[in-house]
Amino acid sequence: MKLLIIEDDPNIVDTVSYVLSMAWPDIHVTSSSNGNSGVALAEKLNPDAILLDLGLPDIDGYEVLKQIRTFSFVPIIIITVRGDENALVKAFALDANDYLVKPFRQMELIARLKAALKKRRLLEEDLSVTYSNIRFGASIQEVYLGDNRVFLTATEARLLYHLIRKAGQIVTNAELSEILWGDYISGSSDNIKNYICRLRKKIETKPDQPEIILNRRGIGYMIPPPH
Numbered sequence: 001m002k003l004l005i006i007e008d009d010p011n012i013v014d015t016v017s018y019v020l021s022m023a024w025p026d027i028h029v030t031s032s033s034n035g036n037s038g039v040a041l042a043e044k045l046n047p048d049a050i051l052l053d054l055g056l057p058d059i060d061g062y063e064v065l066k067q068i069r070t071f072s073f074v075p076i077i078i079i080t081v082r083g084d085e086n087a088l089v090k091a092f093a094l095d096a097n098d099y100l101v102k103p104f105r106q107m108e109l110i111a112r113l114k115a116a117l118k119k120r121r122l123l124e125e126d127l128s129v130t131y132s133n134i135r136f137g138a139s140i141q142e143v144y145l146g147d148n149r150v151f152l153t154a155t156e157a158r159l160l161y162h163l164i165r166k167a168g169q170i171v172t173n174a175e176l177s178e179i180l181w182g183d184y185i186s187g188s189s190d191n192i193k194n195y196i197c198r199l200r201k202k203i204e205t206k207p208d209q210p211e212i213i214l215n216r217r218g219i220g221y222m223i224p225p226p227h
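Residue numbers for the sequence shown, in full-length UniProt numbering: 1 to 227.
Take the hints with a grain of salt, since some may be wrong.
DSSO-like, lysine-lysine: derived pairs with alpha carbons at most 30 angstroms apart [claimed, not checked]:
#, residue 1, residue 2
1, K66, K90
2, K119, K90
3, K202, K119
4, K66, K118
5, K166, K90
6, K90, K102
Rather than coming from a laboratory, the hints here were simulated on the basis of the structure.
Go ahead and model the full structure; you've got the sequences and the hints to work with.
Written out as structure tokens, the structure reads:
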């Protein structure tokens with residue numbers, strides 16, 4: 001496994017590298033002590049997962065997360081001393097996969113990393129789902145409307161994928177939050193609503209009069225059953 005750690009504390013990098021080598025003996029760890037080089041390494045190395053600190057010396061972790069999400073669906077776990085709810089909500093809104101507050105338990109880090117890797121693997125193994133003229137290509141972020149490529153963010157793509165998989169069923173906000181961020185967090189319904197609005201603009205003929213992604217007020221969303 002290839003792991004990228006974007007963290008400016010070398011002691012944490014060394015400790016995490018050692019701990020994870022117990023679970024993945026063949027792990028190859030690359031680290032960066034600042035955000036800009038971390039983004040460059042993420043694009044160059046295409047790692048299997050990234051551990052990202054929020055407090056970096058050049059640009060903050062949120063900006064790093066935002067930049068990486070323009071080109072990669074890689075699982076990103078935030079590791080930070082910031083334990084307040086606003087920091088957590090902001091990280092998930094920017095497509096973080098998980099969030100750990102320092103100091104964290106070693107086995108919990110391993111468990112959360114395994115879960116993030118498994119979730120991505122399962123997504124990429126079942127891309128045969130289609131709906132009307134919507135289909136997925138070689139990866140979950142490669143989406144087509146007919147023959148035309150639609151460029152979605154990682155979260156938009158996951159959202160569309162799970163709604164299509166459950167076409168004909170209402171998918172609750174709590175379920176979507178669990179799918180996207182691993183838990184139901186305060187404010188997630190508003191975040192989901194924003195993602196739905198952006199997604200509609202990319203796949204609906206008339207985003208203000210949606211025919212694909214329908215709202216079930218106070219409950220969640222659904223895609224009608226295929227004809």
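Legend entry - Unmet hints by their number, sorted upward, for this structure: none
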